[in-house]
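Chemist: The primary structure of each chain is shown beneath.
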Amino acid sequence: MKEIAIKAYKCKSCGKIHYPFHDRCLSCKGRDFEVVKPLGNGKLVTFTQIFNLPWGFDQRFLIIGIVEFENGIKAMGQIKVQSSEELRTGMLMKPSWEPVRVEQGENVFGLKLEPI
Amino acid sequence: MRDVAIIGVGMIPFGRRDEDTLMDMLAYASLKALDDAGLGDKTVDAVYVANMGAALLQHQTAIASSLVDRLSLIPAAAEAIENGPASGASAVKNGLLAVASGYYDYVMVVGGEKMREVTGWRATDFVATMTHPLAEYVYGITLPGMAGMFTRLYMEKYGVTREQLISVAIKNQEMGALNPYSHVEMAITKEGIYDSPHSVVNNPPVADPLHLYDACPVSDGAAAVILCPLEMAKKFSKPPVLIAGFGQATDTQTLQEREDPTDLKAVTLAAQKAFDMAKLKPGDIHVAELHDAFTILEIAESEHVGFFKKGEGGKAAISGKTRLGGQIPINVSGGLKARGHPVGATGVAQVVEIVFQLRHELNKERQVKNAKNGLTVNFGGFGNNVLAFVLRRVEQ
Chain A
7 MKEIAIKAYK
17 CKSCGKIHYP
27 FHDRCLSCKG
37 RDFEVVKPLG
47 NGKLVTFTQI
57 FNLPWGFDQR
67 FLIIGIVEFE
77 NGIKAMGQIK
87 VQSSEELRTG
97 MLMKPSWEPV
107 RVEQGENVFG
117 LKLEPI
Chain B
954 MRDVAIIGVG
964 MIPFGRRDED
974 TLMDMLAYAS
984 LKALDDAGLG
994 DKTVDAVYVA
1004 NMGAALLQHQ
1014 TAIASSLVDR
1024 LSLIPAAAEA
1034 IENGPASGAS
1044 AVKNGLLAVA
1054 SGYYDYVMVV
1064 GGEKMREVTG
1074 WRATDFVATM
1084 THPLAEYVYG
1094 ITLPGMAGMF
1104 TRLYMEKYGV
1114 TREQLISVAI
1124 KNQEMGALNP
1134 YSHVEMAITK
1144 EGIYDSPHSV
1154 VNNPPVADPL
1164 HLYDACPVSD
1174 GAAAVILCPL
1184 EMAKKFSKPP
1194 VLIAGFGQAT
1204 DTQTLQERED
1214 PTDLKAVTLA
1224 AQKAFDMAKL
1234 KPGDIHVAEL
1244 HDAFTILEIA
1254 ESEHVGFFKK
1264 GEGGKAAISG
1274 KTRLGGQIPI
1284 NVSGGLKARG
1294 HPVGATGVAQ
1304 VVEIVFQLRH
1314 ELNKERQVKN
1324 AKNGLTVNFG
1334 GFGNNVLAFV
1344 LRRVEQ
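In order, the protein sequences belong to chains A and B. To convert, note that position 35 of the first sequence is 41 in our numbering; the numbers rise steadily by one, no gaps. To convert, note that position 146 of the second sequence is 1099 in our numbering; the numbers rise steadily by one, no gaps.
Warning: the hint list may mix true and false statements.
Claimed, not checked - No farther apart than 27 Å at their CA atoms in a straight line, the calculated lysine-lysine pairs in the BS3-like style are these:
no., chain 1, residue 1, chain 2, residue 2
1, B, Lys1187, B, Lys1325
2, B, Lys1263, A, Lys49
3, A, Lys49, B, Lys1218
4, A, Lys100, B, Lys1110
5, A, Lys100, A, Lys13
6, B, Lys1274, B, Lys1262
To be verified - If the Cβ cut is set under 10 Å, some of the chain B residues that face chain A in the computed set are:
no., residue
7, Val1071
8, Val1159
9, Pro1214
Claimed, not checked - If you want a taste of the chain B side facing chain A, the calculated C-beta under 7 Å gives, among others:
no., residue
10, Trp1074
11, Tyr1092
12, Ile1094
13, Gly1098
14, Ala1160
I should point out that these hints are in silico values taken from the structure, not numbers from a laboratory. Bear in mind that the values here come from a model prediction, so they are computed numbers and not experimental data. We put the CB at the ideal spot given by N, CA and C, even for glycine.
Okay, chain A solo, but in the shape it has when bound:
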């Protein structure tokens, strides 16, 4: 199992957690951050099933959602279910780091989520 390679950034001045990276804290404008990793499972904040996919995805649909990890990091990921009807906001999701798309024949890894 690959490590979840998301790096979030905790402001050393006020403690606000950022993901993705910002050069200055969105709350206090501080410039010093501690790298923090997502902790535990994620709670599903919202989701959708997309049927009109962008270039680069040769499949019928994608199910994408946003989760909040136990330490407050929020991140987008692809959800491993066959229909969004299997999902409800607030569900707990197990994260993994797997291929999310292919670019020039190479796998690109990202956050995958699976209901617990």
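Since the structure of chain A is provided, determine the placement of chain B on it from the hints.
Modeler: This is chain B only, laid out in the frame that chain A set:
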């Protein structure tokens, strides 16, 4: 700062325009605006061209330089403005500030986009390039997908229903069918898209809970306006329309970093600034063009600009308050939903439509009676860069 008026407008019908290049469309809309202003053979001091995708879709850059050459506007200053789907309003803002400052007297702003030249697959990817590369784009998220996630949150928090969303689609397509500039000239019924066996086929989900008829089409099109100081506007034949107020605000690029992802703070701030500058309130507005790329956005924006309280926008839409003759007619042009959404053109087209309304030029099927004040909201990204204008009819 000088008061700035719109003295001419021009637009070409939106839709699939296979016969025209991007430059053709920009030129046609520009010439219509120059003629509408009655500028004759005179030139302008500066040209701002709003466009999001020429470099990606047409493999063409420096399009403002090409346009002034084609229109024989040399040596006018010229530049392109790219600000995602808010490029149009951004270009109008730049024109406004240039005239208001006193640096230029006559400015032309034209917005255009040619999106149907590529497949839907490519067009969807092109629009998605405005999302965050690592935190969003890589996953295959699209703008309909962002809107789907936003809609789910809005439904859960405020009780917005699919019937309310559909009422926006029905209203806007009904009005679009009356607008000669519309991409979609087809009225629809609730039965056809919601509560009949046919609706399952007619109106499939595109990014649940949003369905096909919740989304705007992918369009080609262009629109233009001519600006000058109000004091110089009175000598032209068409009634000038004052840009009484404008506002712009930004928000986080990703939805997940917003404390409350249902709160479109940039919409609220942009509209407040525009109202403050115009010394008007939401209740003083007679007609509005809101950025309904998705039906949920018309409802959410109608609340965030202050027409309705949070949670009341969907009820207002379904009860007819936003129709022609209602409390505040919204998108009587058909909006993005029916007029279409050539991304770089949209913000300019919204201003053109309000100018038509405030000049009282439309036929009675679309004209808001005695309209004096209008509002536009152009929504960039997923609400991370928003511009609003308050326009006012100038009584001669």
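Chemist: Now, for every hint given, state plainly whether the structure supports it.
Modeler: Hints and how they fare:
At most 27 Å may separate the alpha-carbon atoms for a hinted pair to count; Lys1187 of chain B and Lys1325 of chain B meet this at roughly 17 Å. Of the supplied pair hints, the one linking Lys1263 of chain B and Lys49 of chain A holds, its CA atoms being roughly 26 Å apart against a limit of 27 Å. Between Lys49 of chain A and Lys1218 of chain B the alpha-carbon distance is near 25 Å, which keeps this suggested pair within the 27 Å criterion. Between Lys100 of chain A and Lys1110 of chain B the CA atoms are separated by roughly 25 Å; this keeps the pair inside 27 Å, and the hint holds.
For the suggested pair Lys100 of chain A and Lys13 of chain A, the alpha carbons sit about 17 Å apart, so the restraint of at most 27 Å is met. Distance check on the hinted pair: Lys1274 of chain B and Lys1262 of chain B sit about 13 Å apart at the alpha-carbon level, within 27 Å; holds. Interface restraint check for Val1071 of chain B: the shortest CB-CB distance to chain A comes to about 9 Å, inside 10 Å, so the restraint holds. Against a cut-off of 10 Å between C-beta atoms, the interface hint on Val1159 of chain B holds, since the closest Cβ of chain A lies about 5 Å away.
Taking 10 Å as the C-beta contact cut-off toward chain A, the hint placing Pro1214 of chain B at the interface holds, the least distance being around 7 Å. Here the hint on Trp1074 of chain B is kept, as its CB sits about 5 Å from the closest CB of chain A, short of 7 Å. For the restraint placing Tyr1092 of chain B at the interface with chain A, the shortest Cβ-Cβ distance is roughly 5 Å, inside the 7 Å limit, so the hint holds. With 7 Å as the threshold, the beta carbon of Ile1094 of chain B comes within range of chain A, its nearest partner Cβ sitting at about 6 Å, so the hint holds.
Checking Gly1098 of chain B against chain A by beta carbon gives a least distance of about 4 Å; that is within 7 Å, so the hint holds. For Ala1160 of chain B, the interface hint holds, the least distance from its beta-carbon to any beta-carbon of chain A being 5 Å, beneath 7 Å.
Hint check: no violations occur; every hint is consistent with the structure.
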